[in-house]
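Asks: Given chain S, work out where chain C should sit, using these hints.
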Amino acid sequence: MRLMRERATMVWLGLMTATCVSTWVLSRDALRPSVAMVGIFLLAAVKVRYVMLDFMELRWAPVRARLFFQLWIVVVIGLILGFWFAS
Amino acid sequence: MSTTSEHRSRLPGVDGLWVFIGFDAVIFALLFASFQHDRYGDPALFEASRRTLNFHLAGLDTLLLLTSSWLVALAVQAVARDDPRAPRLLLGGMLTGAMFVVSKSVEYAEKLIDGITPATDALYGWYFLLTGVHLAHVLAGTGLLGYTWRRSRRGAYRDGNRVVLECVASFWHLVDLLWLVLFPLLYLQR
Numbered sequence: 001m002r003l004m005r006e007r008a009t010m011v012w013l014g015l016m017t018a019t020c021v022s023t024w025v026l027s028r029d030a031l032r033p034s035v036a037m038v039g040i041f042l043l044a045a046v047k048v049r050y051v052m053l054d055f056m057e058l059r060w061a062p063v064r065a066r067l068f069f070q071l072w073i074v075v076v077i078g079l080i081l082g083f084w085f086a087s
Numbered sequence: 001m002s003t004t005s006e007h008r009s010r011l012p013g014v015d016g017l018w019v020f021i022g023f024d025a026v027i028f029a030l031l032f033a034s035f036q037h038d039r040y041g042d043p044a045l046f047e048a049s050r051r052t053l054n055f056h057l058a059g060l061d062t063l064l065l066l067t068s069s070w071l072v073a074l075a076v077q078a079v080a081r082d083d084p085r086a087p088r089l090l091l092g093g094m095l096t097g098a099m100f101v102v103s104k105s106v107e108y109a110e111k112l113i114d115g116i117t118p119a120t121d122a123l124y125g126w127y128f129l130l131t132g133v134h135l136a137h138v139l140a141g142t143g144l145l146g147y148t149w150r151r152s153r154r155g156a157y158r159d160g161n162r163v164v165l166e167c168v169a170s171f172w173h174l175v176d177l178l179w180l181v182l183f184p185l186l187y188l189q190r
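Chains as they are written, first to last, in the numbering used here: chain S, 1 to 87; chain C, 1 to 190.
Okay, chain C solo, but in the shape it has when bound:
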């Protein structure tokens, strides 16, 4: 277990990143509120279309992102302790992120084959917008995890030099927590 003595009051990475994370979180909050406001106008239509969404697949996506976030959190701790398993943990985080991308691609393909597009109705307009913006975050985060994995294999984060890794990890956890709200908002609320 970690001890509090290892952790002075500080934000991981650099302060500028946290301004970006806070800004991104506020943008998503506005999107969530706008979605809910639109749903408030016609809950029956939103509910009818929601029942055509694949919540089983989206539930598995949630488990994938949580696992990815966990592996990345462990990787940051491993680097801080010069544990040689850090590159493998980062690789696991990147691969689970990539699995999320594959799963979302399958879900989009299913919808498009069924003739469902963003123009189908209001729920699907929001579905493609919200999951699309989030997927762009996942793609960026997965790419950044790949970058940190390669650098960690070369020992770039030894000697306490882990600012870049902490920045990437913090962004990745943001991607995870945004999905934790987005998933029930779109797929589970009745």
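The shape of chain S in the complex, shown without the other chains:
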């Protein structure tokens, strides 16, 4: 088992990079708030999905479990962005 060649390692590197982008690039005041919000929360949605599928091993879970947890992402991020754009 070569740790650096595992799929989990590739996913981890992507998650770390995405976190740096949302924390130290997309959060800058120079960006329009709406662009920053959509970028930050879409990245968060993608990150959560990868954690579910690759770390939690839901990629190989029964369809109903995969649907429930991925629907959770859509509902949570949808509610967050929905309230933000309504305010």
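Please note that a few of the clues may not be correct.
Stated by the list, open to error - These stretches of chain C come out as covered by chain S in the derived footprint (C-beta under 8 angstroms, 3 or more residues):
hint, stretch
1, 22 to 32
2, 36 to 47
3, 60 to 66
4, 170 to 182
Unchecked claim - Per the computed footprint, the stretches of chain S lying under chain C, defined by three or more beta-carbons under 8 angstroms from a beta-carbon of chain C, are:
hint, stretch
5, 12 to 23
6, 67 to 73
Read the hints as simulated data drawn from the structure, not as lab findings.
Quick reminder that beta carbons are idealized off the backbone N, C-alpha and C, glycines included.
Replies: Same frame as chain S, but now just chain C:
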């Protein structure tokens, strides 16, 4: 790389744990929606207080939890392959979890020294509630990782006997993904 032939359609651990994980995820979804609803009522106040939060430290916390989750995911794979590095990977996962606890303690101390409490305003009420409930999850998860680390050192997960480890790992990944939403919700949204 893992191959799909190693993975039949199944949930790691036991089904009952996934009922708990699903329930916990729904509770946090309701908390996130309630926070956002309150913010909708007074976005200016929430934004003014948000700017006093230390998002640099919280960003580093995110990197810590992601690293911890990754190490634990590798540990589960290592156990499945009888790789002797599993205990070290679990120890790394536990230590990065403990570092998150230390970092959050520093952040709370900074706030309390500045006279900021949950009663300061609505944003800080939510800040202490959401991060506090999440921190309780981190403490439980770190303790459970310590337990699995000790057991793995004694070879308890050999011969395919890894249900407990998978349960702990799945809970730990839940703690990680909840933070992935909580962090931008509190610290980054303008």
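Asks: Could you run down the list of hints and mark each one as holding or not?
Replies: Checked hints:
no.	hint	result
1	22 to 32	holds (count 5)
2	36 to 47	holds (count 5)
3	60 to 66	holds (count 3)
4	170 to 182	holds (count 7)
5	12 to 23	holds (count 7)
6	67 to 73	holds (count 3)
Of the hints listed earlier, there is not a single one the structure fails to meet.
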